[in-house]
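J.: All chains, full assembly: derive it from the sequences and hints.
Protein chains in written order, with the working numbering: chain F, 1 to 271; chain R, 1 to 290; chain G, 1 to 365.
Careful, some of the hints might be misleading.
Unchecked claim - Listed next, the stretches of chain R that the computed footprint assigns to chain F, with coverage defined by at least 3 CB atoms under 8 Å from CB atoms of chain F:
hint, region
1, 85–94
2, 147–156
3, 215–226
4, 259–273
Said to hold, decoys possible - Pair ranges (Cβ atoms, derived):
hint, chain 1, residue 1, chain 2, residue 2, range
5, G, V354, F, E179, 52 to 58 Å
6, R, R283, F, L13, 33 to 39 Å
7, F, S227, R, L132, 31 to 37 Å
8, G, S57, R, F105, 55 to 61 Å
9, R, L132, F, L13, 15 to 21 Å
10, F, D66, R, F105, 33 to 39 Å
11, F, D66, R, A27, 32 to 38 Å
12, R, L23, G, S7, 48 to 54 Å
13, F, L252, G, S115, 31 to 37 Å
14, F, R11, G, Q124, 53 to 59 Å
15, R, A19, G, H29, 55 to 61 Å
FYI, nobody ran anything at the bench for these hints, they're computed from the structure.
Backbone N, C-alpha and C define an ideal beta-carbon position, used for all residues, glycine too.
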Amino acid sequence: MDGIIGRSLARVLLALLVFVAIVPIAWTALGAFKQLKDIVTPVPKLLFSPTLTNFVTILENPSIRDGLKNSAIVVSVSVLIGTLLGVPAAYTVSRRLRHWRDDMQFFVLSLRFMPPVAVAMPFIVIYLDLGVYDTLGGLIVVYLVTTISTIVWLAVPAFDRVPREIEEAATMEGCGEAEVFWRFSLPIAAPSLFGALVFTFVLVWNELLLALTLAARNATLPVVAASITSLGKEVPWGVINAATVVLVMPPLIFIGLLMGLLNAMVGARSN
Amino acid sequence: MSRQRFVFATLAPAIAILAAIALASTAGAVWFSLMNRTLRSPAYKFVGIYNFERLFRDPRFYNALEISALWEMITVVGALAVATALAVLTVETVKSALWRNVISFAFLAPVLLPRVAAAFIWRFLYSPSLGLVNYLIGLTGAGPVEFLADPHLALYAVAAVDIWQWGLFFAVILMKLLETLPREPLEAAMLDHASRWEIHAYITLPMLRGPIVSLALVKAVESLRSFDLIFVMTGGGPGVSTETLDLYAYQVGVNLGGRISYASAMAILLLIVTNVIFAIVWRRVKTWTV
Amino acid sequence: MASIVCSGISKSYGGVSVIENLDLEIPDHEFVVFLGPSGCGKSTMLRMIAGLEEVTSGKIAIGSNDVTHKPAGERGVAMVFQSYALYPHMSVAENITFGLRRQGVARAEIEKRLSEVSGVLGLQPFLDRRPKNLSGGQQQRVAMARAMIKTPRVFLFDEPLSNLDAKLRERLRTEIRKTHLALKTTTIFVTHDQLEAMTIADRIVLMRAGRIEQQGTPDEIFEKPATRFVADFVGSPAMNFCRARIARNGAAVKAVAESFAFDLPSANFSELAEGREVELGLPPWRIDRADAAESNSIGGVVVLVENFGDRGQVIVDVTGAEMSFVTKQFRDLPRGAAVSFAIAPQHIHVFDPVTGQSLRQACAT
Chain F
1 MDGIIGRSLA RVLLALLVFV AIVPIAWTAL GAFKQLKDIV TPVPKLLFSP TLTNFVTILE
61 NPSIRDGLKN SAIVVSVSVL IGTLLGVPAA YTVSRRLRHW RDDMQFFVLS LRFMPPVAVA
121 MPFIVIYLDL GVYDTLGGLI VVYLVTTIST IVWLAVPAFD RVPREIEEAA TMEGCGEAEV
181 FWRFSLPIAA PSLFGALVFT FVLVWNELLL ALTLAARNAT LPVVAASITS LGKEVPWGVI
241 NAATVVLVMP PLIFIGLLMG LLNAMVGARS N
Chain R
1 MSRQRFVFAT LAPAIAILAA IALASTAGAV WFSLMNRTLR SPAYKFVGIY NFERLFRDPR
61 FYNALEISAL WEMITVVGAL AVATALAVLT VETVKSALWR NVISFAFLAP VLLPRVAAAF
121 IWRFLYSPSL GLVNYLIGLT GAGPVEFLAD PHLALYAVAA VDIWQWGLFF AVILMKLLET
181 LPREPLEAAM LDHASRWEIH AYITLPMLRG PIVSLALVKA VESLRSFDLI FVMTGGGPGV
241 STETLDLYAY QVGVNLGGRI SYASAMAILL LIVTNVIFAI VWRRVKTWTV
Chain G
1 MASIVCSGIS KSYGGVSVIE NLDLEIPDHE FVVFLGPSGC GKSTMLRMIA GLEEVTSGKI
61 AIGSNDVTHK PAGERGVAMV FQSYALYPHM SVAENITFGL RRQGVARAEI EKRLSEVSGV
121 LGLQPFLDRR PKNLSGGQQQ RVAMARAMIK TPRVFLFDEP LSNLDAKLRE RLRTEIRKTH
181 LALKTTTIFV THDQLEAMTI ADRIVLMRAG RIEQQGTPDE IFEKPATRFV ADFVGSPAMN
241 FCRARIARNG AAVKAVAESF AFDLPSANFS ELAEGREVEL GLPPWRIDRA DAAESNSIGG
301 VVVLVENFGD RGQVIVDVTG AEMSFVTKQF RDLPRGAAVS FAIAPQHIHV FDPVTGQSLR
361 QACAT
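T.: Shown next, in the form of structure tokens:
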């Protein structure tokens, strides 16, 4: 495979694959700005007069707006609680549970990978019986399994990477358990923890099945988006594309905001 | 705060909640599967293993099992094959760190998309009349291909999307791993006049056997949760050609008359299968990473 | 400043005992080095004194306080870690002053001590930097400053120089010694490097497999090894060992083997019986070239000569076994040449071949 021809062939192949990776996304984003007539052409158009009507339709649609609001509430709350409970737990698993550590990780991970169906089905009935079916609170509770287990799973290695000797040095300077965690382990592990947080946020934001089954009317955004596609024959592709863009935006914004926040915090500390 | 109290205070809330919910759903699923509850009527009675018996006589269940198994194989093997080939290709073809980062970013984009969004994007692309893919196929003179409407093609078409997201992502991971391999064995091989491909086949890839197996196993577990993708792309159709187990369970439990108990029985089976696979995964991954 | 007394210290992990019933006394102001091969328990002992490891049984007292069950922060000890363990998210100044700030010491006092300590260790230009922007040697000095600023009763060093290159290690070794001479704080220094131990210790505690093999001043350890293990561990090049048998002729004591017959000072070995099997330790630095006719000489064939600059190590094959000695006249010895060398009787060590104990008796004088 060496030789000029081999190498250029490889380059072409690679370029093609990069294309395949990006183009679908770019195309959709492009399509969000197209009027329907520009989309329905047999030959795909690259040049067209862009319009924002699709976005307007989306954002004016009350169920989309509600969906956005519900998603924001449910995901933020469950991630917040997940972090408050999960991060300290992960620290303890990493530092103090020498013997049960692997078992803990197994337990946590097996929950993370539990098929959502297995959770959704029984909880439909449980919630119906309890009268909390179709509430945001009910959804948050169920999402806690995902958020806590994912955060613990990802945070334990983050705390593993904090050198033991630094914590020992802090102990020797008189710090108690909680102080070592709060003042040293947490700040040092913060960048990785941040990654875990973002991952969990995105994970729950995109979650469909549980939301679909447990909160049909107080729907979160993915559910609303999914329901758009089952609209009749005249499939509003422009609107759907715009919906896709809207679907993707919040996690990106969240990531961007948190990164900015983290940079600001790190910057402030070094002064 | 004393060590004991600290450990308890930090662990107890998290574990309590996890255990409670996990217990509730497992116990609930078992309980309901032994009844004949439906969402329509509040009346129900104990029916023992009736649901399970019906399940084992249900051809649609077996179809769902078959589709799930097929899905697992295609996506896992596909993703890993694509990932390995792509990682090797990139590492061999692109030497500059800058370009490698650019390519990594490109390959990471698909997996960052929510499943639903990816589903939408590709539904659009696959569309026989409006999609880019069929346009490109049309350029070669072949007729439009009904990717999602053809029962023979649908599963593969959806699997392609899954591989698009995960295969490219894993390629980036493998690329990073390839970069961190110690150089000396490779240099020794080059001094032995090994060709590029021999080096990869006999040295670098075997060295990465551990991570590759781990990734395959992670993918295997992840593929079991592919509801989002399939639901939005095909809803299980055409017919039942893309109806995996979790889709069937959903249809039964929520759509077709809300036969919750039947769905619970299926959920239990799925739970057992997942746990078994996961236990195997866990043990394997442990030996590779120790 | 305080003395340290460890009584009956035992430590086990799970069911495995690593240290059994160890007693140790370290008087105030002393610079003690825990020396030994890896796994001998020296770091474990240090960490138990620091409070980072639980003592399975026994008592540790620092000064007049029983600290066996006190948390690490309340023992009045400061520790310098092998990996320096600097806080990466704080500046050098913040690293050094953290302990004092935490205790609520007055700002002015902290500033004063900080400038003293950073002056002594040459850290003034680095106070605002982050640890990751410092070299290894600079990081080590920050770790020392962090320990010194708290004026503890005891300094503990856990192989602090192992990660540094040879030249830097020498320099910092001297710094640590000078600091001790100035502050006179009781210090325990752990290392596996016998040369390091010899140069900085007031007293060496040589450990092996959880027990104290020998403790004493560097001279005592060097000149009068209590066991074969100590003789083998300390000194460079490594000690020569060979088997021999005691031959008595009235008061005279000789150690005899196939290729040599050595006189031994009778005052030290008068109790050794005729025919007793012994193991001799012959320090290479006490052997020199000699005529074959001289007493206490031994001959052999040169295998290799290593050039140390002003001296050379000559490795000789003596009837099948290899011995080495150090001499200034090594330049005219080609491979294969026959050479004779001798050792004075008072420098020969005699050990029991089974127990390894030294058979030297203390003189009656």
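J.: With a cut-off of 8 Å between beta carbons, are at least three residues of the region 215–226 of chain R near chain F?
T.: holds (count 4)
J.: Falls inside 31 to 37 Å, the C-beta gap from F/L252 to G/S115?
T.: 49 Å, violated
J.: Are R/R283 and F/L13 spaced within 33 to 39 Å by their CB atoms?
T.: 37 Å, holds
J.: 31 to 37 Å was suggested as the range; check whether the CB atoms of F/S227 and R/L132 agree with it.
T.: Check failed, 25 Å falls outside 31 to 37 Å.
J.: Given the hint of 55 to 61 Å, is the C-beta distance from G/S57 to R/F105 inside that range or not?
T.: 59 Å, holds
J.: Is the hinted range of 32 to 38 Å satisfied by the C-beta distance from F/D66 to R/A27?
T.: The hinted range 32 to 38 Å holds for F/D66 and R/A27, with Cβ atoms some 33 Å apart.
J.: Is 55 to 61 Å respected by the C-beta to C-beta distance linking R/A19 and G/H29?
T.: 57 Å, holds
J.: Three residues minimum, CB to CB under 8 Å: does the region 259–273 of chain R make the cut for coverage by chain F? Let me know.
T.: Check passed, 8 qualifying residues.
J.: Look at the Cβ atoms of R/L132 and F/L13 and judge whether their distance stays inside 15 to 21 Å.
T.: At roughly 20 Å between Cβ atoms, F/L13 and R/L132 fall inside 15 to 21 Å, so the hint holds.
J.: Are there three or more residues in the region 147–156 of chain R whose C-beta lies closer than 8 Å to some C-beta of chain F?
T.: violated (count 0)
J.: Check the following: the C-beta atoms of F/D66 and R/F105 are separated by a distance inside 33 to 39 Å.
T.: The hinted range 33 to 39 Å holds for F/D66 and R/F105, with Cβ atoms some 34 Å apart.
J.: Report holds or violated for chain F covering the region 85–94 of chain R, Cβ cut-off 8 Å, minimum 3 residues.
T.: holds (count 6)
This entry does not satisfy hints 2, 7 and 13, going by the numbered hints stated previously.
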